[in-house]
Amino acid sequence: MTDLLRIDHLSVFYGAAAQAVEDVSFSVPGNAVVALLGANGAGKSSIMKAVAGLIPGRGAITFDGARIDGTTTRARVARGIVYVPEGRAVVGDLTVRENLVLGGYTVPGPARRSRMEMVLDLFPEIAGKANGGAWRLSGGEQQMLAIGRGLMAGPRLLLLDEPSLGLAPLLVRRVFDRLATIRAESGLAILLVEQNLAMTMRLADEIHFLRGGRLIGHKRTDELRDGAARQHAVDTFLGAAAAE
Amino acid sequence: MNAVLDSLAFDLFPLVWSGIVTGCLYALGALGLVMIFKCSRVVNFSHGNVAGFAAFLVYGFTSGLLLAVSWGVAVLLAAVFIVAIAFLTYALISPLIQTSDLTATIATLGVGLIVQGATLLLFGADIVSLDLPVPRFATSVLGLRITGYDLTVLSVAVVTIGALFLVIDFTKLGIAFRAISSNAFAAEVCGLNLARVQVFAWSVAAGLGVIGALLIVPTTFLSATTVAAFMLQAFAAAVIGGFASLPGSLIGGILIGILMNLFTFYVSPEYASTFLLVVILAALNVFPNGILAPVRGSRV
Ligand SMILES: Nc1ncnc2c1ncn2[C@@H]1O[C@H](COP(=O)(O)OP(=O)(O)O)[C@@H](O)[C@H]1O
Ligand SMILES: [Mg+2]
Numbered sequence: 001m002t003d004l005l006r007i008d009h010l011s012v013f014y015g016a017a018a019q020a021v022e023d024v025s026f027s028v029p030g031n032a033v034v035a036l037l038g039a040n041g042a043g044k045s046s047i048m049k050a051v052a053g054l055i056p057g058r059g060a061i062t063f064d065g066a067r068i069d070g071t072t073t074r075a076r077v078a079r080g081i082v083y084v085p086e087g088r089a090v091v092g093d094l095t096v097r098e099n100l101v102l103g104g105y106t107v108p109g110p111a112r113r114s115r116m117e118m119v120l121d122l123f124p125e126i127a128g129k130a131n132g133g134a135w136r137l138s139g140g141e142q143q144m145l146a147i148g149r150g151l152m153a154g155p156r157l158l159l160l161d162e163p164s165l166g167l168a169p170l171l172v173r174r175v176f177d178r179l180a181t182i183r184a185e186s187g188l189a190i191l192l193v194e195q196n197l198a199m200t201m202r203l204a205d206e207i208h209f210l211r212g213g214r215l216i217g218h219k220r221t222d223e224l225r226d227g228a229a230r231q232h233a234v235d236t237f238l239g240a241a242a243a244e
Numbered sequence: 001m002n003a004v005l006d007s008l009a010f011d012l013f014p015l016v017w018s019g020i021v022t023g024c025l026y027a028l029g030a031l032g033l034v035m036i037f038k039c040s041r042v043v044n045f046s047h048g049n050v051a052g053f054a055a056f057l058v059y060g061f062t063s064g065l066l067l068a069v070s071w072g073v074a075v076l077l078a079a080v081f082i083v084a085i086a087f088l089t090y091a092l093i094s095p096l097i098q099t100s101d102l103t104a105t106i107a108t109l110g111v112g113l114i115v116q117g118a119t120l121l122l123f124g125a126d127i128v129s130l131d132l133p134v135p136r137f138a139t140s141v142l143g144l145r146i147t148g149y150d151l152t153v154l155s156v157a158v159v160t161i162g163a164l165f166l167v168i169d170f171t172k173l174g175i176a177f178r179a180i181s182s183n184a185f186a187a188e189v190c191g192l193n194l195a196r197v198q199v200f201a202w203s204v205a206a207g208l209g210v211i212g213a214l215l216i217v218p219t220t221f222l223s224a225t226t227v228a229a230f231m232l233q234a235f236a237a238a239v240i241g242g243f244a245s246l247p248g249s250l251i252g253g254i255l256i257g258i259l260m261n262l263f264t265f266y267v268s269p270e271y272a273s274t275f276l277l278v279v280i281l282a283a284l285n286v287f288p289n290g291i292l293a294p295v296r297g298s299r300v
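Note that the protein sequences, when read in sequence, are chains A and B.
Quick note: the first sequence, position 185, residue 185 per the working numbering, numbers continuous.
Quick note: the second sequence, position 65, residue 65 per the working numbering, numbers continuous.
Everything labelled a hint here was simulated from the structure, so no lab data went into it.
Keep in mind that the hints are not guaranteed to be accurate.
[As the list claims (entries may be wrong)] Partial selection, computed: residues in chain A whose CB lies under 7 Å from chain B: (1) T73; (2) V77; (3) P85; (4) D93; (5) G103; (6) V107.
Every residue, glycine too, gets a C-beta built ideally from N, C-alpha and C.
Start from the sequences, fold in the hints, and give me the full structure.
This is the structure we're talking about:
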C-alpha cells in the first residue's frame, strides 16, 4: 500500500527557542487510521496544525506523492486534507447548516447539498437542530458538527484532534462508531490524536507514541490486543497518568 | 397646554423626522465601520476622509474641474477610485493586523491624513457645493414637511441596508463574513480565503461611506473636513451598537440623528460636539457591549 501522507523530519517551533515538535517522521497509508498518542503538551496538535498548514514547520510533508509543505491551508483543504480542531472550533454564531456550508465552502452547490444530506444522515443528532444556532448544541453534538463540517470538504485525509475531549464515554463510542462507518464507506484515511489508549484502539490500525515532541514508540493495534502487551505499552510510553 | 402641543407639532415632530433621515446616513457610515471592525479588528479612522475624497471626486468629475460628465458616470468613476483605495488600504493594513490591532488602527489614521492631503492638493481648501440630482418637491403630511431629498435618502438607505443584510444573512459570502467575524480560526480551518472576504468587507464599507457622503453633502457643503466630521456621528452610532453589531449600528445611527437634532435645537448648536462625546461616553458606560447586547441570536 502506498502512503497517502508522509512526514519526514518534521520540527515545529514557537518562537526561536520553544521547540514543540522535534524531528518527527511517520506516514499514513491510504484508507488507514493512524493515531498519535501522548500526554498534554506532547506536541500532537502542533503536528496536526503543521500538516494542515495552519502553522509553519520544518521538514517535508508529502501528500499523495506531492510535496505540500509551504502551501496554504486553503490549498491543502482543496487537495483533501481537512483538520477537525481540538475544542471543535464550531462557529457558534452560525446555524448548524451554515457551519456545514462553511466546511464545503469551495464545493460546487449541488455536490455541497448532497454532501450535507449525507452528513445529516450520518449524524441525526444534529439534523433535528440544523437550522438552529450552533451555540445551542451540546459538547457531543458540537463534535459531530465539527466532524461533519470536515466531511463537507470531501476529504481524503481527516486530521482528528482529540475528538473525545470532554465527552462522556458512551458518546465517544458513538462518535467513533460513526467514524468507522464513514471510513468503511468512503475509503477515508484518518490521522487521529488522542490521550486515551483504549478509545484509540477502537479505531486505529497503528499507534505512534509521542512524548516531549518526539516519537518514542510505534505499535500496530493488533499487537496490543493482549492485556499484558497493552499494559506494557502504557507503562513504557504513556506513564501512569494515561493508564485509566 | 396648547403651547406645548403646538411646540410638539411644529418643532418636535419635524426634528425627529429629519433626525431619522440624517440618522440613516450616520447608520450607513457606521455599518461600514462595523463591517471592517468585525472582520479585521480594526477601527478604520480613514473612513470619513476617503468618503469625503469620493464626494470631491464626484464634484471634480461633474463640475469640469477634472471632467465634465453626468452625475451617474461621475459616481461610478469615483466608486472605482474608492474601491481601489479600499483595496490599497487593506493591503497596507493587513500585514500590520498580524502584529497588533492597535498598530493597524493607528495606521488607518495615517491613511486618512494622506487621503485628506490628496483632497487638499487636488481640490484646495475651498468650500464647494455638491447637490443631488433629485426632484425638488416638498409635500406636507400631517403637518410634517417632507421633501424629495428626505424620500431619496430614506429609499436609498432602505434599499442599501436591506441589500446588505440580505447578502450577509442569506448568501455564502455572508456566511463567510460572519464566520470570519466570530471565529477566524474556524474559517481558516475550513479553507476560506480570509483576505478575499476582508477585501469584500472593506470595499462594501467604502461604498457605504461614499453613499452616505453623497447624501449628506447637499444638506451642508463640501470641504476637506466636512465628511470626516460627519463620520464622527457615524462613529458614535457604531459605539451605541457596541461596534460589533450591524443592526445595533443602524439603531445607533437613527438614535444619534434624533438626539443631535433635539440637542442642537433645544439646547445649543455650539456644544453639539461636546454632546456627541457625552453620548459616546454614556453609551460606553451604560451598554458597553452595545444596545442590542442582551439579544442573543442576532445574526448580522
Ligand atoms: N501557540 C503557541 N505558542 C507557544 N507555545 C505553544 C503554542 N501552542 C503550543 N505550544 C507549546 O507547544 C507544546 C506542544 O503543544 P501541543 O502541540 O498543543 O501539544 P498537545 O496537543 O500534545 O497537547 C507545548 O509545550 C505547548 O505549551
Ligand atoms: Mg492538543
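Restraint check, 7 Å cut-off on beta carbons, for A:P85 near chain B: 6 Å, holds
Chain B contact restraint on A:V107 - CB to CB distance below 7 Å: Violated. Min distance 10 Å.
Given a cut of 7 Å on the nearest C-beta pair, is the interface hint for A:V77 held or broken against chain B? Since chain B brings a Cβ to about 3 Å from A:V77, closer than 7 Å, the hint holds.
Restraint check, 7 Å cut-off on beta carbons, for A:G103 near chain B: Because about 5 Å separates A:G103 from the closest Cβ in chain B, which is inside the 7 Å limit, the hint holds.
Restraint check, 7 Å cut-off on beta carbons, for A:D93 near chain B: Holds, about 4 Å.
Hint check: is the beta carbon of A:T73 less than 7 Å from a beta carbon of chain B? 6 Å, holds
Hint compliance for this structure: hint 6 is the single one not met.
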